[in-house]
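**Student:** Starting from the given sequences, assemble the full structure and let the hints guide the process.
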Amino acid sequence: DTGVSQDPRHKITKRGQNVTFRCDPISEHNRLYWYRQTLGQGPEFLTYFQNEAQLEKSRLLSDRFSAERPKGSFSTLEIQRTEQGDSAMYLCASSLRGRDPTIYEQYFGPGTRLTVT
Amino acid sequence: KQEVTQIPAALSVPEGENLVLNCSFTDSAIYNLQWFRQDPGKGLTSLLLIQSSQREQTSGRLNASLDKSSGRSTLYIAASQPGDSATYLCAVAPLYNNDMRFGAGTRLTVKP
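Protein chains in written order, with the working numbering: chain C, 112 to 228; chain S, 365 to 476.
It is worth saying that the hints were derived from the structure and are not from the lab.
Ideal Cβ positions, reconstructed from N, Cα and C, are used throughout, including at glycine.
Errors might be hidden in some of the hints.
[What the hints assert, rightly or not] Calculated pairs, BS3-like style, for lysine-lysine (alpha carbon to alpha carbon, straight line, at most 25 Å):
id, chain 1, residue 1, chain 2, residue 2
1, C, Lys168, S, Lys365
2, C, Lys182, C, Lys168
3, C, Lys125, S, Lys406
4, S, Lys432, S, Lys365
5, C, Lys168, C, Lys122
6, S, Lys406, C, Lys122
7, S, Lys365, S, Lys475
[Said to hold, decoys possible] Some residues of chain S that are not near chain C, with every Cβ distance over 12 Å (derived):
id, residue
8, Ala468
9, Arg471
10, Pro476
**Tutor:** Written as structure tokens, this is what we have:
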């Protein structure tokens, strides 16, 4: 396994269009996270899954955003009716959460850069 | 609410110099702290993870320390090289939720 992959790497869309991003985590990892990063800032947490269950969502995740992780493998993040403020890098990460939470490490994908025109 | 701050925001050093990057956080209730490297337009690469019970971790020319009680961590880079040029981010994993909090990063430039 070569790590976390994301597709597409870049997406340019017009305001009002819907977009969907895909993330494939490291195969044995049970946790999957989505983050958003704007220029000059650190990533901001959006949501995470434990297997197929979405357990936590940030207040940043408006009702235009939806994420799924069917069968606990890959995940998709959809943004409906995109706005210019949605332009950012969307990062996916995965981790293997065992009994000791202090040792779990998040591994990040290369990100999808979204530009809304 | 956990706040993570990194100082300085940018740093430029000549090749070969030793340097220290700083990270501070406001809530000591954490599982661990991670340091990441990010190249322009790329994802994050994990460098070091320090568990809440640990004081430091080392990997090659990198050494990270953690003082949980004072809410501080440092990343020490020895004998810097131009290939070390990147943005370095620290992040804390809080005890009470899974909302990993990142600093804004320190942009490091190592001049040949």
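**Student:** Of the numbered hints stated earlier in the document, which are not met by this structure?
**Tutor:** 7, 8, 9
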